[in-house]
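K.L.:
Mapped onto the numbering used here, the consecutive letters of the sequence shown carry residue numbers 1 to 285.
Incorrect hints may have been included.
Unchecked claim - Cut-off 27 Å, straight-line C-alpha distance, at most; resulting in silico cross-link-like pairs (DSS-like, lysine-lysine):
(1) 116 - 49
(2) 2 - 49
(3) 174 - 282
(4) 282 - 248
(5) 61 - 171
(6) 44 - 282
(7) 226 - 171
(8) 121 - 165
(9) 117 - 146
(10) 100 - 49
(11) 61 - 10
(12) 79 - 67
(13) 121 - 174
(14) 165 - 176
(15) 67 - 214
(16) 121 - 171
(17) 49 - 67
(18) 214 - 187
(19) 121 - 146
(20) 187 - 165
(21) 154 - 226
(22) 44 - 10
(23) 79 - 176
(24) 187 - 146
(25) 165 - 146
(26) 214 - 226
(27) 2 - 100
(28) 44 - 100
(29) 22 - 10
(30) 154 - 165
(31) 176 - 226
(32) 248 - 121
(33) 165 - 100
(34) 67 - 176
(35) 22 - 176
(36) 67 - 44
(37) 282 - 2
Said to hold, decoys possible - Ranges between beta-carbon positions, derived for each pair:
(38) 86 - 282: 36 to 44 Å
(39) 15 - 150: 19 to 27 Å
(40) 174 - 229: 26 to 34 Å
Keep in mind the hints are simulated off the structure, nothing from the lab. A quick note: this is a predicted structure, and the numbers were derived from the prediction, not measured. The beta carbon of each residue, even a glycine, is placed where N, CA and C say it ideally should be.
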Amino acid sequence: MKNLHLILKKGNNQATLSLLLKSAKQRNLNVNIIYIEEFDFTQKINLNKNDLLYRISTSRKAQMVEKFLLNSEVTTFYKDNLRSISKYDNVIEATLMHEKANLPIIPTIYCLTNNKKILQKEVDHLGGFPIIIKAQGGQNGNGVMKIESIDSLKSILDYLLLEDKAYVLRKFIKHKEQLRLIVVDDKVVANHTNLATEDFRSNANIEKRQRIIKDYPQEIYDIGVKAINTCGFEFGAVDVLIEEETQKPYIAEVNMPAFFPRTQELTNIDISGQMLDYLIHKSER
């Protein structure tokens, strides 16, 4: 019998856990829930190819528990388990990797500066105001600021640069549609579209959004698959903004682990089942 190990913070991500437990039962998998609050790092644990490992929670401790358990044998959604121990965990490096792979990123300046001459050049490079400041690690729109003028930008930067934290400047993409693409291996298995609200932040006001199911050209799905694979993942969610004026797609971010229950509910596609089927198949190669 194969084992499914799920890394989780107590009380969190219950929708994801419920779907994976149901799919695991249907596939006769033995489930081991690893609660990070109870994890003992003095253990010697050697998982093998019949052990399927997935981290549900995104906290730093959950990440460290996962890295502690990774080895060359365990079955995961990583292309290279050992390299994934040192993988980046933020949108900044992912965006840089996508740029190097010639994927359509939101035009980005990767570090802040208070050099006035360079700053004005960067603003011009991003197409002028408004522009976006995005903090590393923010979720649900937190840490995202829309700046309308050079005076406001300079004032905010004077404050932000007091601490050595990671921020980026980004072009403001006016959009009505934000796609969420769920990728398993080399295919978009499900997707839904969030319609923009009055809030400029694409990931804010999650519960108030209007969501629709809509098909897109294959090139959009190809972008999603390449975005996941470029990061060394075999599963994940890709958020894509469709610019209102040009209809051009821009990768906003990649998430792995990814919250997929809302997409599964909207589309009635068994994403959790396809995730486990992929891991089972991978373990038998």
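K.L.:
Give a verdict on every hint.
P.N.:
The hints, checked one at a time:
As the CA atoms of residue 116 and residue 49 are separated by approximately 54 Å, the hinted pair breaks the 27 Å bound. In summary, the hint linking residue 2 to residue 49 is supported, as the alpha carbons are separated by about 9 Å, within the 27 Å threshold. As the CA atoms of residue 174 and residue 282 are separated by approximately 40 Å, the hinted pair breaks the 27 Å bound. For the given pair, residue 282 sits about 35 Å from residue 248 by alpha-carbon distance, which is inconsistent with the 27 Å threshold.
With a C-alpha separation of about 33 Å, the suggested pair residue 61 and residue 171 falls outside the 27 Å cut-off, and the hint is violated. Of the pairs offered as hints, the one joining residue 44 and residue 282 holds, with about 24 Å between alpha carbons and a cut-off of 27 Å not exceeded. Only pairs whose Cα atoms come within 27 Å are accepted, and residue 226 paired with residue 171 is accepted, the gap being roughly 22 Å. In summary, the hint linking residue 121 to residue 165 is supported, as the alpha carbons are separated by about 22 Å, within the 27 Å threshold.
Taking the CA atoms of residue 117 and residue 146, the gap is about 21 Å. The hint holds against a cut of 27 Å. Of the pairs offered as hints, the one joining residue 100 and residue 49 is violated, with about 32 Å between alpha carbons and a cut-off of 27 Å exceeded. Note on residue 61 and residue 10: the hinted pairing holds, with a Cα-Cα distance of about 12 Å set against a maximum of 27 Å. In summary, the hint linking residue 79 to residue 67 is supported, as the alpha carbons are separated by about 14 Å, within the 27 Å threshold.
Note on residue 121 and residue 174: the hinted pairing holds, with a Cα-Cα distance of about 21 Å set against a maximum of 27 Å. Of the pairs offered as hints, the one joining residue 165 and residue 176 is violated, with about 31 Å between alpha carbons and a cut-off of 27 Å exceeded. Distance hint between residue 67 and residue 214 is unfulfilled; the C-alpha atoms sit about 37 Å from each other, more than 27 Å. Between residue 121 and residue 171 the alpha-carbon distance is near 13 Å, which keeps this suggested pair within the 27 Å criterion.
A C-alpha spacing of about 16 Å is found between residue 49 and residue 67, which places the hinted pair at or below 27 Å, so the restraint holds. Taking the CA atoms of residue 214 and residue 187, the gap is about 17 Å. The hint holds against a cut of 27 Å. Taking the CA atoms of residue 121 and residue 146, the gap is near 18 Å; set against the 27 Å cutoff, the hint holds. Distance restraint check for residue 187 and residue 165: the Cα-Cα separation of roughly 35 Å exceeds the 27 Å cut-off, and the hinted pair is therefore not satisfied.
Annotation: proposed proximity of residue 154 to residue 226 is violated, straight-line Cα distance about 36 Å (limit 27 Å). For the hint linking residue 44 to residue 10, the alpha-carbon distance of about 23 Å falls within 27 Å, and the restraint holds. A threshold of 27 Å between alpha carbons decides the hint, and for residue 79 with residue 176 the separation of about 34 Å lies outside it, so the pair is violated. Proposed proximity of residue 187 and residue 146 is contradicted: the alpha carbons are some 34 Å apart, above 27 Å.
For the proposed pair residue 165 and residue 146, the alpha carbon gap of about 18 Å is at most 27 Å, so the pair holds. Between the alpha carbons of residue 214 and residue 226 the distance comes to roughly 20 Å, so the proposed pair stays at or under 27 Å and holds. Annotation: proposed proximity of residue 2 to residue 100 is violated, straight-line Cα distance about 38 Å (limit 27 Å). A threshold of 27 Å between alpha carbons decides the hint, and for residue 44 with residue 100 the separation of about 39 Å lies outside it, so the pair is violated.
With a C-alpha separation of about 18 Å, the suggested pair residue 22 and residue 10 falls inside the 27 Å cut-off, and the hint holds. Restraint check for residue 154 and residue 165: the C-alpha separation of about 17 Å stays at or below 27 Å, so the hint holds. Simply put, residue 176 and residue 226 have alpha-carbon atoms about 23 Å apart, close enough for the 27 Å limit, and the pair holds. With a CA separation close to 24 Å, the supplied pair residue 248 and residue 121 stays within the 27 Å bound.
For the proposed pair residue 165 and residue 100, the alpha carbon gap of about 23 Å is at most 27 Å, so the pair holds. Note on residue 67 and residue 176: the hinted pairing is violated, with a Cα-Cα distance of about 38 Å set against a maximum of 27 Å. With a C-alpha separation of about 35 Å, the suggested pair residue 22 and residue 176 falls outside the 27 Å cut-off, and the hint is violated. For the suggested pair residue 67 and residue 44, the alpha carbons sit about 13 Å apart, so the restraint of at most 27 Å is met.
Taking the CA atoms of residue 282 and residue 2, the gap is about 12 Å. The hint holds against a cut of 27 Å. The hint said 36 to 44 Å for the Cβ distance between residue 86 and residue 282, and at roughly 22 Å that hint is violated. About 43 Å separates the C-beta atoms of residue 15 and residue 150, a value inconsistent with the hinted range of 19 to 27 Å. Checked against the given bound of 26 to 34 Å, the beta carbons of residue 174 and residue 229, roughly 29 Å apart, stay inside it.
Against the hints set out earlier in the document, violations occur for numbers 1, 3, 4, 5, 10, 14, 15, 20, 21, 23, 24, 27, 28, 34, 35, 38, 39.
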